[in-house]
Amino acid sequence: VRISTTTLESYRLFMQPDQEWMSEADLLATIRGEFTPTPAIELGLSYGRILEDPDRYLVPGGYQCGLYSFGLDDVEPALALIDRRGVMEAKAVKRYGPCDVVAKVDHILGAHLTEFKTTGSSFNIDKYLESCQWRFYFDVFEALKLTYHIFLLDDHENGVASLRGIESFQVYPYPQLHADCADLVREFAVYVTAKGLDGLLRERQQTAEAA
Amino acid sequence: MSELFDAGRAALGTISDESAKIALVVDEWRDAINGYTNVDHVNKAVKDSKTLSATMAPQVKTLIMAKAKALGFVWNPTQNQFVVRQETVGATA
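Respectively, the protein sequence lines represent chains A and B.
Residue numbers 30 to 240, in the numbering used here, belong to the letters of the first sequence in order.
Residue numbers 206 to 298, in the numbering used here, belong to the letters of the second sequence in order.
Derived by calculation from the structure, the hints in this document are not laboratory data.
Keep in mind that a hint or two might mislead.
Calculated pairs, DSS-like style, for lysine-lysine (alpha carbon to alpha carbon, straight line, at most 30 Å) [unchecked claim]:
1) B:Lys274 x A:Lys133
2) A:Lys133 x B:Lys266
3) B:Lys252 x B:Lys226
4) B:Lys249 x A:Lys123
5) B:Lys249 x A:Lys133
6) A:Lys146 x B:Lys249
7) A:Lys224 x A:Lys156
8) B:Lys252 x A:Lys123
Since the structure is predicted, the reported quantities are computational estimates derived from the model, not experimental observations.
Produce the complete structure using the sequences and hints provided.
Quick look at the structure:
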């Protein structure tokens, strides 16, 4: 069974008590790969692509990617945080029992990982600290430190977005981290089997192995 | 309390040292990969990168993939190696 850390994070969020933001139908669609991005996700993807390859999206007076454009002042503070000696979008796979977990980190330099996130709402550090994604990144990449840069964006609903601020913080691995990751993968495997989706994920793994 | 801070500073120093060593090895790979001109170079690098650590391998593989793409090579899963992309003959005729 092949799973992405994004899918595992969706599952973890869905399993939180009293959560209301994700229906089971949405979770199952995510597992099946039927992903419909919201405007907030589209905005984050556009900003992320610009950070990855700014020259490609440079236009007079700013940057443009997909449906969104940004002024120079809304991108340059973010670009200044990225050490270009590092590797962007590095992917790695780690096996947990019968499951392969695929992790793709935004930036890696040495044993230092960096994740770039965007949010249209206020900054809430707990949302990131509780995530299983950084735990899997440490486990899969065997990294020593991870920095989150959270870009607070305002979407003015006219395709022009602006940067309100940047929040940065670090997380580090801890002794029980691998066990926490393995437990979540095991729970997820039981869930997808109960929902009859294990065959689909197995097929995905076979396709990936053949490629 | 000051001992605790010292221990924390020492731990962070070790992380930086370890990380710098890894970055140096990846940099050496980057220099070598920049010099690749043919598919044999790329395929040898794919083979050699398999021995790298879990931290280094994804970085080096990403650099190899980017170079292979820039040189017009595509992954052939049957041969389990990169091959030169075959242009469609007569496509512009």
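Cross-check of the supplied hints:
no.	hint	result
1	B:Lys274 x A:Lys133	holds (19 Å)
2	A:Lys133 x B:Lys266	holds (13 Å)
3	B:Lys252 x B:Lys226	holds (22 Å)
4	B:Lys249 x A:Lys123	holds (23 Å)
5	B:Lys249 x A:Lys133	holds (24 Å)
6	A:Lys146 x B:Lys249	violated (36 Å)
7	A:Lys224 x A:Lys156	holds (27 Å)
8	B:Lys252 x A:Lys123	holds (19 Å)
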